[in-house]
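> Listed here are the chains, written in short residue letters.
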Amino acid sequence: MHREEVVEGSPGGGARFAPGDAALVAPEGLDEMLAALARLGYETSGPTVRGGAVVPGPVASIEDLPAGWHDEQSPGRYRLEHGEDGSLFSWAVGPGSFKPELFPPVHELWQARRDGEGRVEFVAGRGSSRSKKRAFFGARPCELAALSVLDRVLVDCATPDPFYEGVRRGAVLVVAECGAPASTCFCTSMGGGPEAVAGFDLALTELTDGDHRFLVRVGSALGAEVLTLVTTRPVTAADVAAREAVTERARSAMDGRFDAAGLAELLAGNIEHPRWQEVSERCLACGNCTLVCPTCFCSDVRDTTDLSGTVHRTRSWASCFDRDHSYLHGGPVRVSVASRYRQWLTHKLSSWWDQFGTSGCVGCGRCITWCPVGIDMRAEAAAVCSPASPARHDRLAQPEPRRPTGADVPAGAEEKEALP
Amino acid sequence: MSTTRPSLAVFKFTSCDGCQLSLLDCEDELLELARAVRIAKFAQMSRALVEGPYDIALVEGSVTTARDAERVKEIRASSRQLVTIGACASAGGIQALRNFVPAGSYTGVVYAHPEYISSLATSTPISSHVDVDFELHGCPIDRHQLLEVITALLAGRRPVVRGYSVCQECKARGTVCLLVARGTACMGPVTRAGCGGLCPAVGRGCFGCFGPADTVNTGSLAARLRRDGMQARDVARLFKTFNAAAPEFRVQSAAEEAAGEEGRG
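Line order of the protein sequences matches chains A and B. First residue of the first sequence: 1, per our numbering; consecutive thereafter. First residue of the second sequence: 1001, per our numbering; consecutive thereafter.
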């Protein structure tokens, strides 16, 4: 995959490419690339600045990309700042991933109604009509890793999700390799890295030493077809070295941030650790971590009726932090927030391996940045895997403190214990 | 056919009428609704009044007078399903701020002739007085949720009205978190969904109109706001609006006010 053959470039496109080839593209070449995708019938989503963050949105030209924007991320905090450098990809992932394009937050699956003779008629839901030809432009390698995790869950199973599979199979993936990881990034600990290794159609590396340019590697025949429509130059040994310097700098910035070795077993062996209770005193149970996670796939399917008698079956995102997520007959199984936090973290890092043969975490760090109270799952996992004081192990088994009712709840009546 | 349609009645206690107007706000569905139910009593729409009993009673407003407390029992007795609509009926409303001060403190400030006012010392939700079949939250309620509850009751199914946080609605519509990306104070993480994440979508932190979510940790959110530099008394104000008397919010505003006092002392 790492073959970087030097091929002849061609102004105005026209050079022939094959998977494994590489070429150099000027910033204006990305405009040609976006135009080529549109010409081939793809609806392109890529990085845009909206609401003070870099989030996926429609992109038609490089004007839509986050030129000069840099992010600063820490637990519970995200800020964008504008520099004058004009770089297009000097940021780490924001709150949005490409997951909603393949697995929409709300998706009407079908409708059913009875005709005059009492026969039930089914029709496709409103959620199924969007074009399945999508291009995901500027996806980070961690997004790619997340999609391959989701593939195992939603496609490589007994009942594949037809919408996800349809979009996924038809999608063009143009990856932007990572040169500016945030403090919350730790993909290298989770088996990933700033380089795109496989599963892409085209991989861009932004080079800002000297003239602003992109080293583009071809990952598929489709990628080759797209690059054929773009003005390219040959790659030199200096460009190859510059790319390596970019990704190496990103990798060394992240290395050692999180020790995931043996984590699956350690977490599974510490399900009664007092840290679960402690973190639940900070956790809002708001569900943000699961909603920004590019691999969380839980959904809730509900049937509703309208006044005309039509039945609507709708699938919506669900979060294991919701009280009703574990609702069985008579009530929820995971009553305490501690048990919900434990469910989430142990699933991501431990039982996902048993279920799907991979980690459920790709190290993108979204759950850390976008937790409103800045809970860093790396710190929580590390604490749970450290020797515990056994004193409060029985607390998880206790029911949630009764919700206060009536008008006479005294100030500060919440039960709070001092931390050990 | 029309005689077998279930009857719907709308009742008002202490409130601004905004929630019952949500019913009239269902413009596209109103005719369909009128075909599905017999609107037996709805003063905002018609002076015609059909006597009870009623199949579905929508009750707006909180109980603030002795007469209210009697009337709510009569309504309960003549209604098969009683649904409270809005923050007043479901949590006591903004007028429950009186619950925090000695009786009569506000009457003199608000009314030119407080001697004409005869009211209870507290504003309480309908559920403090009678059994309630379903509580719709919000200030005002969301008309889609109102239609969902009515439709579900007609179909004999459980309404799909969720108790998770507003954050889930922000994420579903792609709103970037104001608290994380701008440091804007936002009640979203402790507030029940239902509005669709309306205010954060236009850059304003959640006001908490829908009251506490199913699971809340108000203390942790308050601690974050104080870490960001917000004064405890200002944090208390966030929790003391339309759902001030909801138990979870009440506890937190009291804790913040106590902390504020301590800070000054």
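Check before you lean on any hint, since a few could be wrong.
To be verified - Derived DEER-like restraints, expressed as beta-carbon distance ranges:
no., chain 1, residue 1, chain 2, residue 2, range
1, B, R1080, A, G309, 39 to 49 angstroms
2, A, D354, B, R1071, 53 to 63 angstroms
3, B, D1017, A, Q355, 51 to 61 angstroms
4, A, S299, B, R1080, 47 to 57 angstroms
5, B, P1053, A, V335, 32 to 42 angstroms
6, A, V106, B, E1032, 16 to 26 angstroms
7, B, G1263, A, E84, 38 to 48 angstroms
8, A, Q355, B, R1233, 44 to 54 angstroms
What the hints assert, rightly or not - Some chain A residues well away from chain B (every beta-carbon gap over 12 angstroms; in silico):
no., residue
9, E117
10, R119
11, R323
12, L328
Unchecked claim - Which stretches of chain B does chain A cover? Using the computed rule of at least three CB atoms under 8 angstroms from a CB of chain A, they are:
no., stretch
13, 1008–1022
14, 1032–1045
15, 1168–1178
16, 1188–1196
17, 1217–1224
Think of the hints as simulated: they come from the structure by calculation, not from any bench. The structure displayed is predicted, hence computed values, not measured ones. Just so it is clear, CB atoms sit at the ideal spot from N, CA and C, and this is done for glycine as well.
> Against each hint, give a clear statement of whether it holds in the structure.
Against the structure, the hints:
{"no.": "1", "hint": "B/R1080 <-> A/G309: 39 to 49 angstroms", "verdict": "21 angstroms, violated"}
{"no.": "2", "hint": "A/D354 <-> B/R1071: 53 to 63 angstroms", "verdict": "59 angstroms, holds"}
{"no.": "3", "hint": "B/D1017 <-> A/Q355: 51 to 61 angstroms", "verdict": "52 angstroms, holds"}
{"no.": "4", "hint": "A/S299 <-> B/R1080: 47 to 57 angstroms", "verdict": "34 angstroms, violated"}
{"no.": "5", "hint": "B/P1053 <-> A/V335: 32 to 42 angstroms", "verdict": "38 angstroms, holds"}
{"no.": "6", "hint": "A/V106 <-> B/E1032: 16 to 26 angstroms", "verdict": "22 angstroms, holds"}
{"no.": "7", "hint": "B/G1263 <-> A/E84: 38 to 48 angstroms", "verdict": "43 angstroms, holds"}
{"no.": "8", "hint": "A/Q355 <-> B/R1233: 44 to 54 angstroms", "verdict": "49 angstroms, holds"}
{"no.": "9", "hint": "E117", "verdict": "19 angstroms, holds"}
{"no.": "10", "hint": "R119", "verdict": "19 angstroms, holds"}
{"no.": "11", "hint": "R323", "verdict": "4 angstroms, violated"}
{"no.": "12", "hint": "L328", "verdict": "15 angstroms, holds"}
{"no.": "13", "hint": "1008–1022", "verdict": "violated (count 0)"}
{"no.": "14", "hint": "1032–1045", "verdict": "holds (count 4)"}
{"no.": "15", "hint": "1168–1178", "verdict": "holds (count 8)"}
{"no.": "16", "hint": "1188–1196", "verdict": "holds (count 3)"}
{"no.": "17", "hint": "1217–1224", "verdict": "holds (count 6)"}
Of the hints listed earlier, those the structure fails to meet are numbers 1, 4, 11, 13, in rising order.
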